[in-house]
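A.B. asks: Sequence order for the protein chains is F and H.
Numbered continuously in my numbering, the first sequence closes out at residue 116.
Numbered continuously in my numbering, the second sequence closes out at residue 966.
One or more of the hints may lead you astray.
Each computed EDC-like pair below joins lysine to aspartate or glutamate, with the alpha-carbon atoms no more than 20 Å apart [stated by the list, open to error]:
(1) Lys551/H - Asp404/H
(2) Lys752/H - Glu771/H
(3) Lys668/H - Glu771/H
(4) Lys48/F - Glu75/F
(5) Lys48/F - Glu255/H
(6) Lys453/H - Glu75/F
Quick caveat, the hints were computed from the structure, so don't treat them as lab data.
Since this is a predicted model, take the numbers as computed values, not measurements.
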Amino acid sequence: MLRIPCPYCGVRDEPEFTFGGPSHVTRPAFAATDAEWADYLFNRDNPKGIHYERWGHAYGCGRWFNVARHTVTHEIVAAYRMGEQPPVIDQGQRGATPTLDFAEDREGTGKRGAPV
Amino acid sequence: MSDTASFRIGGISARSLGSALHRDQPVRFCFDGQPFAGFAGDTLASALLANGARTIGRSFKFHRPRGVYSCGLEEPNALVQLASGARAVLSERATLVELSDDLEAFSHAGWPNRHWDIGRVLDFTAPLWAAGFYNKTFLWPNWHAYEGLVRRMAGSGRAPGEPDPDRYEVCHLHCEVLVIGGGAAGLNAASGAAHTGARVVLADAGVQLGGRCNWDGSQVNGVSGAAWVPVIAKRLAGARDLRILRRTTAVGHYERDVVALLERVPVHNAQRGMPRERYWIVRAEHIVLATGAIEQPLIFCNNDRPGIMLAGSAHEYLRRYGVAVGRRVLVATNNDSAYALVRDLKQEAQVEVLAVLDTRIEVPRRLADELRALAIPLHVRSIPVDTRGFGALSGVSVGRLSRDAQRVESVQHFSCDALAISGGWSPALQLYSQAGGRLVYCEHSNALEPVTKHPTMTVAGAASGDSTATTSLLSPVRSVGSRVSPVGPTHRQWVDLRHDVTVADLELALRENYSSIEHVKRYTTVGMAADQGKTSNLAALEIIARRRGLKPSELGHTTLRPPVVPVTLGAIAGRAVGELFAPSRQLPMHEWHLAHGALLENYGEWRRPAVYLEAGESRHEAIRREAHAVRNTAGLFDGSALGKIEVHGPDALAFLDRFYINDLTTLKAGRVRYGLMLRESGVIFDDGTVVQLAPDRFLLTTTSANAGRVSAWLEEWHQCEWPQLRVAILPVTEQWACLSLAGPSAREILSKLETNIDFSAAAFPHLGLREGRLLGHPTRVYRVSFTGELTYEINVPADAGPRVWEALVDTGQPVLKPFGLEALLLMRLEKGFLHLGTDTDGTTVPDDVGWGEVAANKRADFIGKRSLLLPEHVRPDRLQLVGLVGDTDIIVGSHLRLTGSGEITDGWVTSAGRAVLTGKPIALALLRSGRHCVGAEVSVHDVGQVMRARVVNPPFLDPAGDRMNA
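So here's chain H without its partners, still in its complex pose (with noise of 0.2 Å):
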């Protein structure tokens, strides 16, 4: 296969043909590693057609091969992956890709290449790859034991393993007017709105403005399309709020007329660090849908070899890039639309055009006239039925129809090396339907058109189907008789290229009953590749109408879904990749932790310190040791994510009670109690403390998790209940530090700072809070404890806590030390500690952890209390939360059984380690009415291992709290 031959139509033709070029900038590229030459303004795909490079790529299935198709986003043929590495973008569109110097580009399959290439063998095995074979073999052992090999053979490249370098933009804008499509309508829609002083956003997916009409030699009022856009281009750029978008596609229509724009910016611009895509979400009032129209194929044999191309493609590679498709060329049609091409190739490039086929009865005069006088044959009531060629087209034979077109009286063989087909024009609505707007397939045009008015999407232009509008350039295209050749063999007749799918596939699938056009879409996956069917639902609509004896119109369509082209998923992500992925909340103390060894890690959204890590030492190491000094000495933890309300307000006392179990009316000041909040449904939401600072003013502090949500919470039932209620609530998580001094040294370290707080056994009892000041700071302190030890939650304003924190180390040194998360969480286990969402679940309720009886005594009524009394939370087989001790180390999740118990499972163990000073393993578990089997044994299932354990009631050290009334 020479791929050198040059299909450029170069001498006095230039001047006319190959708009888009600038023929003195020429580019060096490399296709398959071989090097090929075309122009800047050339595709990828017009400088391979014009270096006569016919096979670009094999077909996904039957590994056929393929070449050019097209001339746009529709293509479904010419797939290539653009540079290597890194890099490297699969199945992209040759058609689009301009060519810069340097551009590497690699076809998909063919082994060992695309000329040569050994998957052809399952195009001769065809038949027993029918659509749906894989639900009817390999079927033993599994199918998973071949999946590897099919992946391999379906060819779509294969994906980079190295993170992309690319950058990609997520941008907004909200507009009055949204005008898609940037052909003569949209120019003329987004003029017209301009000039009413409207905010505009006008896009195009082309490289320039004006679409068709800048080569198609039609005029627009009055002039020529080429003449006249540069025209409408100035009056544009005088507008007073108008943003174009070039490059741009709309691929999506959301609720509410949100659209996402999808801009390719040129390979180069993106390798000097420009973003690869950008992906515009835009709010717009009204949007004006200037889409044009897609050309449909014929179907008939063999319609996929290389050479076989749309008509209007071919003439756009002519009279856009000066590249004719063939050198003996045919052209098949059941419309107007492709004489022009017929007219250019033989006057303006001199290319041998063989015949004209046209399956009408009859043609328009002017148009039989015309190709008289350029001496071309015509044949109508004709239509290619079979195509010959080994790899690329050379020959074509054609039937002779019979009057209803449902047989064929003659053959007739031609000779050629390429056959442009036109099978009509379908509105490219796929906007229009995914904003709602129906769709009915209309029998004069062969094509789905609008039939409703959309209140906010206005479609002008060839999209609308409507072709006398002025805006449109498609003289009437009107279609008579079936795009498909009568002649078999159906399972040879193409009609998705992407997928491979056949007249044949859709035949079966009819005969296995799937009917509906969904259900045949699913089965035979016409219409499910990544082009979406955009040159292949129409055929597969047409002819799953005409089997089952309906009218196309009877049938309906698809469903037609965002996006209408593929979109890189880096584009949606925008700059949130990497560390912009979710926000990072840092602790004040966050420096001193990453100077001192921490190992931070995600809770949430905060970084917070899991352990610090000394010399030599693993975690778990570390972790045995931080726990050990805080038993027996003393460690400092930056417990900051806490969160902190704070509620004012004369009826806060009376708001707050309505939220915890607990009775409220009986605090004191300065005394902080410990408290469950639940939801209506009387599930545990949240713990934490209560302490009243004023009769008016009272502060809360939640878990770290649910900080934000617990305020929300407040603010909600404020809001929508009790409005009447007179309080303010105000999170304060952030604005203090909060340093937890914890250990038996605990007092003797803090009374060494500068205060005015009374740290005395006798003066400050556990559960209490004093304010005062603290090294000259304002300062809130906590006698609770989560350690278990005696500790002091020190509260000072956030800038305060590094200077606090190091005034501590200083003055703790040399036994007190940092202690993280881990061994935070180790202590609390031994003392029976509830975590939430750890011990809790979203159905334990206040008795399954210990405080029913704290809920029933409570007179007032509360969230949840009405539930609590549901028959469900009073059952005495609930799930309770007990201690276990065994032998060996307790796993996390490990399922309970009780002895002679006749379930599945009694319970799981929740939370699991080995005390502090005893090195014993111990755990924590939800149990089977786990309150009455103190004392007995259960067995520990964990992934097929069984051990003993012996349930006890936590906790495990320390039963009196002597250590944390200290």
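The following block holds chain F by itself, in its conformation from the complex (with noise of 0.2 Å):
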């Protein structure tokens, strides 16, 4: 069972919250080919190391933010609210203990683009 830092609440139990899966992905325009419309729709990286992805903290404060996964260790390295960059993180890092890094709160970029 994850223990994952909400940036709201703290760090909760894995069932409290929905998985949202990875973050950051730009949805392509409406006139994109089939071809890379259902590569959008179906096709996600499998990264072995950090994986940014999305959760939910459903059964709390309802709010959506992002996680940064070690998808072997499952080691939490970073959470961040919702529309933000995520941290500079180094591949190799191993945290102990779940750390909450916020980056500069930029103007909501590079987040999954909205319908045309």
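Could you use the hints to bring the two separately framed chains together as a complex?
C.D. replies: Shown next as structure tokens:
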């Protein structure tokens, strides 16, 4: 069971959360080809290492946020608010306890694009 | 076989032996129906040994007699059934059962009894049952023909058939330091951690804190262990925030230092209403593993007879329980630790020790001197090679090893009734390995030891393998040379006692080319029993390595997984059984439904009336009666489970328009629009209505099942995609009771109630919403219809629901009757109204169910719009929703075949029933290119039966909708 650091509530048990897939996925424009659109719908990267992903605190504050999790050790290396850019993380980093790192709040870009 | 000889040490020696006993509290218990006596403080195993009960059970495969082998949770032989009937517990290790008055226990296997077992014939035909025999035999006609027989022969007891009357609890803890193990190392760690002010949890599997040092005579910090434990316990009692859990075993380590602990409550307490077990889920920041080490056996022929026991366990029986393992004892070892047993047997208990066999070439001088002083012969370079005894042990053959330990030079025979063996100690590191720590085989101790430094788990004491640490009480344990006798035959040398796996089985696996340790494990099942190979994995590792010509450290080790000991399913379930298994939601009019014959069933989490049964009615008859009443006069339905969501804000319309396939910008105030929501892949997600209460306030309805999912969906898109849109999403499903009044007489009945709403047809047409007051309560009334009749969905605050319901029932007497979900679904079927999840599945898109044009005509983008253009979604031969009529009942799930079709199936029936007014069989189905097949005949296939049906356009009743629009 993961222990997930909600930026609003602190570290809570995994069953309190909903998993939302990878963060920072860019939606293609409406004019994209069928192949590009299908790739966006169904294909995702599966890295061995740090993975940036969305979690929603469904049985808590209800907020969605982003998490950087190592897919092998399940260590959560960082958590940052929705709309923020991921903090700089050394791929070899092994944090013993989860850290809450917030990058500067740049105006929300680079997250999943709004529909046309 | 006499079971009544006494092996309890009494007299003067009783003062120093039997530290766990309360000799002033005798206890009576029964084993296999035979009465025995013991003391409070005994375990079942110690009491049986004290009474001379040698054979406790029979082995798993060969039904060989087996006796007590150890003194702890690693016990592979003495598995018993406790109690009988509903309270029966199977495969309980007798070494852990605390004796209490009137305890009843039974051996597992053995027919007719454990002393004389007909199953022994399997032992006499042993070569037939080598490892993997079931892959090569029992093949014709198929293995299930033999399954029943094999299960009965396996002898693991018969599980009780009645529900478990015992209670269990799941409890949660958060702490900064979790100390696992309450021996010397664990107590030291807990004391140190508590001293810093940290919140500490200490879990110890024993009844008493202190572990071995309570009885094995070693010194801690200059004083005897027995004297030291109370001192440190007192210090712990003064700790600021320390919780001590006794009788508690750590069973699993999960990600990020979540540890599961299993606490056993003594049997007699469980019968007084306390929980039988507690499952503790602990979230720790740091873990100290002080779980000690498990003694390992020596491997030789017939090393499994009752009377053969681990030496450290024999020592514990002597000192803690005052029980001698035999009258003529032989001790065989490959390390120093067994010598303490020898000393105590001879000096304290005056039991005859025939000799000490040591596989090493030479032993430490002080030990040799000690034996000489006790007049006990010491045989170095010696190992047992075989044993004798029908039932229990009667003699041992001892071989003198050559210098390289590969051969035996000479053999000597001893007559004895007990053989205590020690093959070294293996640190108990299951949790360390589960936590990702790496283990490596160390040549000097012939055991797996931790090698990496784990960031959050510290291994302390004997578990660390570092026997020079001050907290470890085991003097340096060095074993030299193999644990294995070189004299065969190997099919009589047991490695895994629990699963009856011999050295020959391991050799067979290697011959059949299963050479990796994980393959050998699975092929032979060594280490796969409930004891998880605690006394067998290491020997198996060594034997396999040597047979392959490798060093054991080159072989790796099998993956250790939770749980460390068997966990009752009840403990994991805790209180969430029966009524508490899943949350149950009740409708606002729940009490009324119950009082009026409702048959409540589970629809998702909701308890809803399926039908209301009147006297003598069958379910079927009730459904027809209800539907008839609605079509002819009127009916009342509790629709409160329907999802309701309010969306407020200046951008509410723009926001919602992105979710529906329908153009919401043309929606006028007070008008209700039915719409579909899609997933981004284009698949239909939910259907419901949208109504505008005000330019910045909208009210949605959803299906009951998706109420939570849709509001979560709206939130997710708002927070993650469009945070700039100014909206608030308010789920209000539970705030409103929804009373659905349907039928030709609906208006007449409703108009009689006190209200400020004009319900006349002209003022309130179909697909409208009116807000106002009804019987003094605020109300929102929809004119929407799922039944196909004139319907008013009356929403009042949930608390007011029962009052308004009763008022309607009173006003509508005698014609107005309640109707349940089954009648509703039948009526909607007649009208061809979509029932999501029944007529649609995870591939259905709007065009499949006739909504393709609406989606195509919407200019603005919405979730799923792009996906509807994908080739897969515009294929002409997709499954499309159609109606079917037939002469005989059409079965849901039947598959359809078009005439001349080359496909295996052209679709299937999704809903079916008999039309309410005509009684004719009708159905909805998904049919390949269905809309082009209207009028065609199809064959309907259901489990071998074939019938014919004709494809029609739904609805089957009132296509113009006159009844709804009345």
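A.B. asks: Looking back at the numbered hints, which does the structure fail to meet, lowest number first?
C.D. replies: Result: no hint breaks.
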